[in-house]
Amino acid sequence: MQQRLKNRLGLWGWLGGGRYGLDRYAYSLHRLTGLGILAYFIMHIFVTGQRVGGPENWDSTMAAFGSPLFKVGEFLVVLAFAFHAINGIRLILVELGWLIGKPGVPSFPYSYSTLRHKPVFIIFMVFAAALMIIGGVDFYFVMK
Amino acid sequence: MNKSETRDKAILKTVKFEVLRYNPAGNESPHLENYSVPVTKGMTVLDGLNWIKEHLDSTLSWRSSCRMGICGSCGMFINGLPRLACNNQIVHLHSDRVVIKPLPNYDIIRDLVPDLEGLFEKHRSVKPHLIRKDTAEQDSPTGEFFQSEQELLNYIQFAYCIKCGLCMAACPTVATSEEYIGPQPLTAGWRYLSDTRDEGAEQRQDVLYSSHGVYRCHFAGACSQVCPKGVDPALAIQMAKRDAFMKGFGRGKKRSGSSVIPPIQDWTPRGDIPDAPAKTVPQKSE
Chain A
1 MQQRLKNRLG LWGWLGGGRY GLDRYAYSLH RLTGLGILAY FIMHIFVTGQ
51 RVGGPENWDS TMAAFGSPLF KVGEFLVVLA FAFHAINGIR LILVELGWLI
101 GKPGVPSFPY SYSTLRHKPV FIIFMVFAAA LMIIGGVDFY FVMK
Chain B
145 MNKSETRDKA ILKTVKFEVL RYNPAGNESP HLENYSVPVT KGMTVLDGLN
195 WIKEHLDSTL SWRSSCRMGI CGSCGMFING LPRLACNNQI VHLHSDRVVI
245 KPLPNYDIIR DLVPDLEGLF EKHRSVKPHL IRKDTAEQDS PTGEFFQSEQ
295 ELLNYIQFAY CIKCGLCMAA CPTVATSEEY IGPQPLTAGW RYLSDTRDEG
345 AEQRQDVLYS SHGVYRCHFA GACSQVCPKG VDPALAIQMA KRDAFMKGFG
395 RGKKRSGSSV IPPIQDWTPR GDIPDAPAKT VPQKSE
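So the protein lines, in turn, are chains A and B. The letter at position 7 of the first sequence is residue 7 when you use our numbering, and the numbering goes up by one with no holes. To convert, count from 1 in the second sequence and add 144; that's our numbering.
It cannot be assumed that every hint is accurate.
Claimed, not checked - Okay, derived cross-link-like pairs now, SDA-like style, lysine to any residue, Cα gap no bigger than 20 Å in a straight line:
#	chain 1	residue 1	chain 2	residue 2
1	A	K6	B	G224
2	A	K6	B	R165
3	A	K6	B	E323
4	B	K391	B	P421
5	A	K102	B	A420
6	B	K160	B	G186
7	A	K102	B	G186
8	B	K197	B	N146
9	A	K6	B	V159
10	B	K307	A	V72
11	B	K185	B	V159
12	A	K6	B	P174
13	B	K185	B	H273
14	A	K102	B	M390
15	B	K397	B	E323
16	B	K147	B	I196
17	A	K102	B	K185
FYI, nobody ran anything at the bench for these hints, they're computed from the structure.
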C-alpha cells in the first residue's frame, strides 16, 4: 500500500470555528471556558491553602493577588462562568432531545436541528450576557 | 458560429482554482497549484476540475461518479467548507478564487482523494442492517414486517445518508479523536436502533453508547450544516443520547421487533383501476 498523508485537523480543527455556524463557536468557547474555570479552581485551592501557613502568610498572598491584573483575571472567570453555566443548561436540554425539533422527510431547502435551535440559542446567549452584566456591576461596583 | 465560439460567448468570468496536490510517489511536499478556469452558466466545481483535467493537467486526481449528488464520491473541502463538488455551482461560491483541498480528518491517498476506509469500518461497527432474532423469517420471508407511517417518519430522514463523509470532515471532535465513532456511523446506528422492525438493540448499543459513542458529541452542529442530503446527524445523535439516558434509568423504550404481516389473500381490486397490460417478455417460470 502506498503511503497515506495524515490530514487529521487536530487542535485547530477542535478550536477553529471557520465558516461553520454559531453552535460550532459555542462548542469551542464552552470547552475553553471549562478549561479556564478548571485552571481557576486549581489556583483557588492553592491560594486558600496558604491559610495553613498562618495569618502573615495569608495576608502576603492576598496582597500579591490584589493587583489589578488579578482583578481583571477574576472578572474573566465571572464571564467564563456565566457563559459556561447558561450554555451548559442549554446543552443539557438539547442532549435530552428538547428544543431541536423532530425528524421528518428532508425536502430542499433543508431544515436541520441547529437551524431550528437558533432562536433558543440566541435567547440563552442573551441570558448569559445579562448574567455577565449583573456579574460585572456586582464585581466592580457593589463588592468594592 | 462554431462550437468554440459559442462557448467563448457563454463564459461568464475566469476563476482561479487553487488545488492541493500531493503525489505519494513524488518528492514534492503537498502544495497548492493554480489553474485559471473559464466559468460558464451552471458550471459546478466538479465541471471545473474536469475542465482542468481535459485542458491543463491530466495528472490531477479526485474521486467522482454520478455528478448529481447521489453517489457521495466527490466530497472535498471547497472554500473553507466540506461540500460535494458536483452539488455546488462555481458562481454560487461568490468568489473569483476557489480553494479546493481534500476532505480533512481523512488520510490523503493522492491530490483530492481521501481514504474513506476508516469511515466505512466505523460504519460497519454499528451493524447498519436489520437484525431479527428469527433469522429464518428474514432469509425466507413469509410476509412484511409491520411498520406504521409514523414509525417510518421517526427514522426515514437518517436513512437518506449517502456516506459521502462530509460530516466527519466537519466534526471538531473527529478532528482530535481517532477513536470517536463520528456523526455518520452514529446516525446510521440510530437509524436502525429507532427502527421498530429491528431487534438488535443490545448488540448495537454496545458500540453507540460506548465511551467513544454518542456522548463524545457536544453539539457543534457542523455535521448537520454541511450534510448535502439534509440528514441532520446532530439530531440523530441527540435522540440517541436521550435514549441512552432513559435506558440508564431503566425507562427507555423496550420493544421487540414488529410482527410479520402475512400477504393479503382475500381481496378484490377496485373497479376503476385498469388491468396491467400483458407481459411482453416471457417470464422464467413460463
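Comparing the hints with the structure gives:
no., hint, in the structure
1, A:K6 - B:G224, "holds, 19 Å"
2, A:K6 - B:R165, "holds, 14 Å"
3, A:K6 - B:E323, "holds, 15 Å"
4, B:K391 - B:P421, "violated, 53 Å"
5, A:K102 - B:A420, "violated, 40 Å"
6, B:K160 - B:G186, "holds, 17 Å"
7, A:K102 - B:G186, "violated, 34 Å"
8, B:K197 - B:N146, "violated, 23 Å"
9, A:K6 - B:V159, "violated, 29 Å"
10, B:K307 - A:V72, "violated, 48 Å"
11, B:K185 - B:V159, "holds, 13 Å"
12, A:K6 - B:P174, "holds, 11 Å"
13, B:K185 - B:H273, "violated, 42 Å"
14, A:K102 - B:M390, "holds, 18 Å"
15, B:K397 - B:E323, "violated, 28 Å"
16, B:K147 - B:I196, "holds, 19 Å"
17, A:K102 - B:K185, "violated, 37 Å"
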